[in-house]
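> All chains should be modelled from the sequences, with the hints used to inform the complete structure.
Our numbering applies: residue 851 is where the sequence shown begins, and numbers increase by one.
Incorrect hints may appear among the rest.
Claimed, not checked - Between beta-carbon pairs, the in silico distance windows are:
1) Glu-1144 with Ala-1086: 25 to 31 Å
2) Leu-1106 with Gln-1020: 17 to 23 Å
3) Asn-1058 with Arg-1156: 31 to 37 Å
Keep in mind that the hints were calculated from the coordinates and are not lab data. Glycine is no exception: its CB is placed at the ideal position from the N, C-alpha and C atoms.
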Amino acid sequence: MRIFVAGATGYIGRHTVRELVARGHEVVAFARPRSGVGGRSPEEETRRQLAGAEVRFGDVTDPSSLAGEGFRGEPFDAVVSCLASRTGAPDDAWRVDHQANLHLLEAARGAEVRHFVLLSAICVQKPLLAFQHAKLAFEEALAASGITWSIVRPTAFFKSLAGQVESVKQGKPFTVFGDGTLTACKPISERDLARFMADCLEDPARQNAVLPVGGPGPAITPRQQGVMLAELSGGAPRFRQVPVALMDAIIGVLGLLGRVAPGLREKAEFARIGRYYGTESMLVWDAARGRYDEEATPSFGEDTLRAFYARVLEEGLEGQELGDQAVFGSREAGGAGSG
851 MRIFVAGATG
861 YIGRHTVREL
871 VARGHEVVAF
881 ARPRSGVGGR
891 SPEEETRRQL
901 AGAEVRFGDV
911 TDPSSLAGEG
921 FRGEPFDAVV
931 SCLASRTGAP
941 DDAWRVDHQA
951 NLHLLEAARG
961 AEVRHFVLLS
971 AICVQKPLLA
981 FQHAKLAFEE
991 ALAASGITWS
1001 IVRPTAFFKS
1011 LAGQVESVKQ
1021 GKPFTVFGDG
1031 TLTACKPISE
1041 RDLARFMADC
1051 LEDPARQNAV
1061 LPVGGPGPAI
1071 TPRQQGVMLA
1081 ELSGGAPRFR
1091 QVPVALMDAI
1101 IGVLGLLGRV
1111 APGLREKAEF
1121 ARIGRYYGTE
1131 SMLVWDAARG
1141 RYDEEATPSF
1151 GEDTLRAFYA
1161 RVLEEGLEGQ
1171 ELGDQAVFGS
1181 REAGGAGSG
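So this is what it looks like as structure tokens:
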């Protein structure tokens, strides 16, 4: 197939492009002229990272750039969107997670696209934050578009659970909200998620469907993550417990100050994001029973979090940097944030 990939230089986007190329598809990857964490990667580096794909550069938030520099009036069989706002701040979320995807959907219609695969997030099933509402609004637009669609809602990424690897390696305690058992997730590797995304283009059962997906094995809590890291580091598990009430107090103060100091409004939203990931599991939500359901959360792939931790303890975190997402404080406190 001829496939257009947006968000191609992101954490999951890069691996999805590589997976599609490896399967023999003709891939056009659309990227910013300077991509990566902090915009550090120039065009030549982006081409190297996405070898095998044709890389085109432009601005996905600008419909004229998307049409003229991206699609160029050419037909495509499918579009894969791995777009995501970098911080989760309200303005950024509605500009990227919603509006940029709407531009992409409109361009897909003009390019005779038959199938649109969207990378979303499992947390939208219980939306409390701006970026979740932005993602949901586009999901609804996609489902009503008339194009065949697949909406992939992954659980936690390995990267989002790597924020404390270096500190534990240095003998520092692992930070958790409460006692570390408030949440759980089935983390999935970038490689396995890329395979799942690519399979959506080939498996009719994954078409016109919302697809929650986690990695292999049982769900794991932040406390279990801390124990695992300590064991692999050769030390005894040590924890620093952060009361949820403390986060509530911070949110309250920032919310009040944000009324008179606009610069603090965004910080209040970041604090709310941190609290969400620190108190909500990244598993399928059973609304009828009012609880998260580990058994109902599909498992996929082969890569385990334990093997990932062992590798990054040995080799370092290159390629797993949080970048702008480091503002999601819960990820530094054992939260189960998805990418």
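> Each hint should be assessed against the structure and marked as holding or not.
Quick rundown of the hints versus the structure:
For Glu-1144 and Ala-1086, the Cβ-Cβ distance of about 28 Å falls inside the hinted range of 25 to 31 Å, so the restraint holds. About 37 Å separates the C-beta atoms of Leu-1106 and Gln-1020, a value inconsistent with the hinted range of 17 to 23 Å. Between Asn-1058 and Arg-1156 the beta carbons are some 36 Å apart, a value that agrees with the proposed interval 31 to 37 Å.
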